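S.K.: Going down the list, the protein sequences come from chains A and B.
Numbering that gives the first Met the number 0 numbers the first residue of the first sequence as 0 and each following residue consecutively.
Numbering that gives the first Met the number 0 numbers the first residue of the second sequence as 0 and each following residue consecutively.
Hints in this document: simulated from the structure, not taken from any laboratory.
Keep in mind that this is a model prediction, so the values were computed, not measured.
One should not assume that every hint holds.
[Unchecked claim] No more than 35 Å apart at the CA atoms, straight line, and that leaves these computed lysine-lysine pairs for DSBU-like:
(1) B/K140 to B/K234
(2) B/K341 to A/K277
(3) A/K277 to B/K140
(4) A/K307 to A/K277
(5) A/K290 to B/K27
(6) B/K320 to B/K128
(7) A/K290 to B/K140
[Claimed, not checked] Across the chosen pairs, the derived CB separations fall in these ranges:
(8) A/D146 to B/G410: 36 to 44 Å
(9) B/M466 to A/G259: 26 to 34 Å
(10) A/A348 to B/M171: 26 to 34 Å
We treat Cβ as the ideally placed atom computed from N, Cα and C, and that holds for glycine.
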Amino acid sequence: MNNHSDARMLLRTPFHSRIEPACELNCWGTWKGYTTPNAYTDVELEYFAIRSTTGVFDLSPMGKYRVIGPDAEAYLNRLVTRDVSKIREKRVGYTVWCDDDGQVLDDGTIFHLGPNDYRICAYARAIDWLLWSAMGFDVDIQEETADVAALAVQGPTSCSTLLAMGLDGLDQLKPFGIEYFAFEGTELMVSRTGFTGDLGYELWIDPSKAECLWDRLFEAGAPYLIKPFGTDALEMARVETGFLQAGVDFVPAEEAVRRGRSRSPFELGLDWLVDLEKPLFNGRRALLQEKAEGSRYRFAILDVEGNKPAHNSFILKNGKQVGTVTSAAWCPTAKTNVAFAQLQMPHGAVGEELVAEIYYQRELHWTKVLAPCKVLAAPVFDPPRRRQTPAVPF
Amino acid sequence: MTDYDVLLVGAGHNGMVCAHSLAKAGKKVLVLERMNHPGGCAHTREFAPGFSVSSCAQWLYQLSPSVMRDMQLEKHGLIFAARDLASVSLAEDGDHLVLKGTTLSGAGIGPEDQAAYIEFANKMQRFSKLMAKAFGVRAPKLVESNISDRMTLIKLGLGLKLLGKDDMSDLMRIVLINMYDVMEENFEHPRLKALLSLDGMLGSHMGPRSPNTVFGYLYRRIGEVFGFNGVAQLKGGLGALGESMAASCRSAGVEFRYGVAVAGINTHAGRATGVTLEGGEQINAGLVVSNADPVTTFERLVGYRNLETGVVRKVSNIRNKSGVAKLHLALSALPEFNGLAKDLVGNRLVIAPDMNYAERAFNAVKYHEYSEAPVLDISIPTVNDPGLAAADGQHVLSAIVQFAPYEPAGGWGDHRERFLDIILSQLERYAPGIRQLVLASELLTPQDLESEFGMTGGHWHHGELSMDQVMMMRPFAGANQYATPVDGLYLCGAGVHPGGGLMGLAGGNAAREIIGRGESA
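Modelling step: build the complete structure from the supplied sequences, incorporating the hints.
M.R.: Spelled out as structure tokens, the structure:
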């Protein structure tokens with residue numbers, strides 16, 4: 000399974016030999032058992048590479064699961080909340096999957112690679128759940144996390160970079176589309192997907208060609224100011240564009256120990272991913288009931304006054320606590336202080352005014368700020384170039 | 000368009016108890032049975048020309064008196080051929096141990112053993128009575144409990160408290176341990192210990208040292224709470240129970256169709272809409288009640304792909320490995336057991352000389368092998384009910400044989416003959432010459448019991464009766480009191496609370512739940 004293991008407890012991704020010298024700060028973190036850089040040089044500079052030029056992120060540790068077989072579509076339709084039959088071949092769909100109680104296990108993407116052939120990409124490790132779910136279906140489920148190396152290439156000049164690398168016609172690829180290119184004797188799969196909310200692509204390749212891909216990419220991208228970025232910069236970008244992260248903005252239901260700590264898709268603002276018209280899928284029964292009886296919580300994106308990120312803040316209404324912040328960041332491009340909050344119903348309607356109780360310290364001196372905030376209707380960063388096809392050259 | 004209010008899949012005894020109650024409550028009920036007769040495991044069939052036998056269960060010992068009364072079974076043809084039979088633990092040397100009611104005799108039993116047994120039996124009786132309180136009602140949910148569930152828990156808790164400090168702590172102490180240790184604490188006599196521990200392991204995949212055997216023993220002792228002072232035999236075999244229940248159902252307006260196998264339970268958008276028969280015929284109904292075991296119901300009839308993953312995971316984890324085979328012999332004459340008085344032959348005869356013997360018998364099945372020296376629970380029903388044999392003086396021997404694996408390495412094939420030979424050799428030691436009397440024989444392996452009676456794994460309780468699979472944990476944790484994750488589909492068989500054995504409470508409880516839910520069922 001793990002074909003690039005070594006004696007160390009934390010695994011190295013196929014790009015490690017390139018990342019290590021690039022990681023000037025030598026600042027490392029872990030992601031699902033892999034060594035990954037938190038930051039290479041400077042978080043803000045890396046963030047601005049995503050927003051202004053091209054940023055590159057190694058997403059090889061992302062859980063990847065292949066689903067092949069005559070029942071692949073039926074299997075996925077039982078597994079996830081959205082209608083998988085609407086994800087055409089060479090297309091990608093974002094979705095969530097729930098347990099029987101309608102509580103979110105994870106969010107992720109489904110790649111429709113070919114007839115009866117799909118790949119699920121997920122943050123959390125999911126193989127047990129996927130295998131349990133396969134009982135009764137004629138499908139083969141394989142974990143291929145270590146078998147596919149992946150890079151996210153994100154930012155306004157990402158398309159130009161990849162065109163320069165020789166991916167002819169890539170600018171014609173629509174958002175959530177998949178295209179294949181010959182690359183160094185193997186096949187390079189490119190999807191127009193990402194976790195930054197910007198124009199961007201994800202590159203999927205055999206691990207043996209990973210280093211070569213990195214080298215060619217950075218060579219081609221040099222004129223476009225390409226720069227690798229770590230998880231800290233990604234965090235700013237994803238909060239700015241309103242993407243949830245499993246384990247941060249919700250507890251994957253299988254990992255939740257305490258009753259009531261997990262969340263339904265409705266409670267995470269993901270109603271649009273739930274197709275209750277489908278006759279059967281995991282959690283449908285519970286979600287129908289929740290729909291009828293009302294949710295416990297509501298997800299809200301808050302615009303917080305001031306520039307102090309509302310990390311871990313309580314959210315107050317008339318002095319009473321009505322929620323908590325799960326993610327927060329000062330978002331430089333949108334120039335907004337954003338916080339994701341879980342609010343008790345009925346709070347969280349668009350436009351509602353609340354107060355964030357922010358604690359911060361200066362030289363061991365703790366201070367509390369009661370920052371007014373307001374529920375936003377949409378994420379603060381959503382540039383047209385994200386969707387334009389052909390991709391606009393920068 | 001629905002053709003019936005309720006379709007009942009399977010005419011087992013629990014299914015018919017359920018059908019009867021539902022019909023009495025005004026429902027239009029159709030029972031669909033794969034075989035050509037009612038009864039399920041309560042069935043008598045000819046296994047050799049002129050010789051009939053109770054083909055699955057062989058004794059009646061815990062049928063609920065409320066079922067007897069409500070279904071007026073005696074009015075519908077049920078006749079006891081013998082009641083309150085003794086249990087005789089056979090000795091090769093003929094010095095047999097006899098347990099009749101609570102009286103022990105033979106085999107050098109002394110007054111100390113007798114006194115210890117009375118004390119033990121009385122205590123177990125108090126425990127079983129407490130258990131019985133929870134058996135006649137649905138298992139309470141622990142989390143979202145409502146008033147009636149709370150009452151059940153309160154009654155149980157109160158009952159536990161009323162046992163008194165010593166009994167209560169003793170029950171808590173022993174219920175999760177094993178018969179071997181409990182027997183060692185209480186008795187000296189090896190065969191007495193083996194005889195009693197056998198009651199904790201019959202029908203299960205457990206030996207005397209397995210946890211949960213004390214629970215199994217107490218479960219069996221429910222029979223005494225229900226007025227059985229030992230095992231009983233029905234005239235015509237246990238098929239008479241099936242037949243009388245079917246007659247009672249018919250008089251209550253229940254319709255039956257035999258020889259129709261349900262191929263699938265149809266669902267739409269999470270609700271059962273009816274069934275499809277093998278051959279393609281569809282029958283619609285407002286409710287479907289399955290008397291089949293939970294694995295058959297969910298995996299084969301509903302289909303895992305029509306259920307949510309969590310349910311599939313739970314169902315596939317149900318422990319339903321059996322270790323039981325069934326032996327049927329047609330005999331040209333009554334076998335003579337060493338030193339056994341003629342008037343005792345019609346009782347329950349047991350071969351289990353000591354607990355280690357039984358434990359070794361169990362060892363084999365852990366490794367998918369059959370016992371080289373199996374434990375036998377023998378009935379010669381023709382002593383009390385001569386009509387089961389072809390001619391006067393001829394006899395039928397029926398025995399529960401433990402242990403046999405579901406499938407030995409390489410399949411049953413030649414192993415069947417070999418295992419039969421082992422069993423006959425064992426019988427021969429206690430009843431010399433019995434081989435010469437054998438006119439015909441039949442050995443049903445767990446696989447045979449599975450295919451003939453539709454019980455997954457051949458498990459006669461539709462899933463092991465152990466603390467992890469009883470009450471609100473039966474058939475799995477989070478189960479919804481006879482309802483299932485498919486709206487409009489209910490379970491009523493041994494796989495739901497309180498479990499198997501020819502008791503009938505699961506079916507009755509299921510019917511009460513369905514009726515109680517009214518329109519929302």
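S.K.: Each of the hints needs a verdict: does it hold here or not?
M.R.: Outcome of the hint check:
1. B/K140 to B/K234: 40 Å, violated
2. B/K341 to A/K277: Given pair B/K341, A/K277 is violated - Cα atoms ~69 Å apart, limit 35 Å.
3. A/K277 to B/K140: 30 Å, holds
4. A/K307 to A/K277: Judged against 35 Å, a Cα distance of about 44 Å means the pair is violated.
5. A/K290 to B/K27: 34 Å, holds
6. B/K320 to B/K128: 28 Å, holds
7. A/K290 to B/K140: 24 Å, holds
8. A/D146 to B/G410: 36 to 44 Å: 38 Å, holds
9. B/M466 to A/G259: 26 to 34 Å: 27 Å, holds
10. A/A348 to B/M171: 26 to 34 Å: 53 Å, violated
Of the numbered hints stated above, those contradicted by the structure are hints 1, 2, 4, 10, listed in ascending order.
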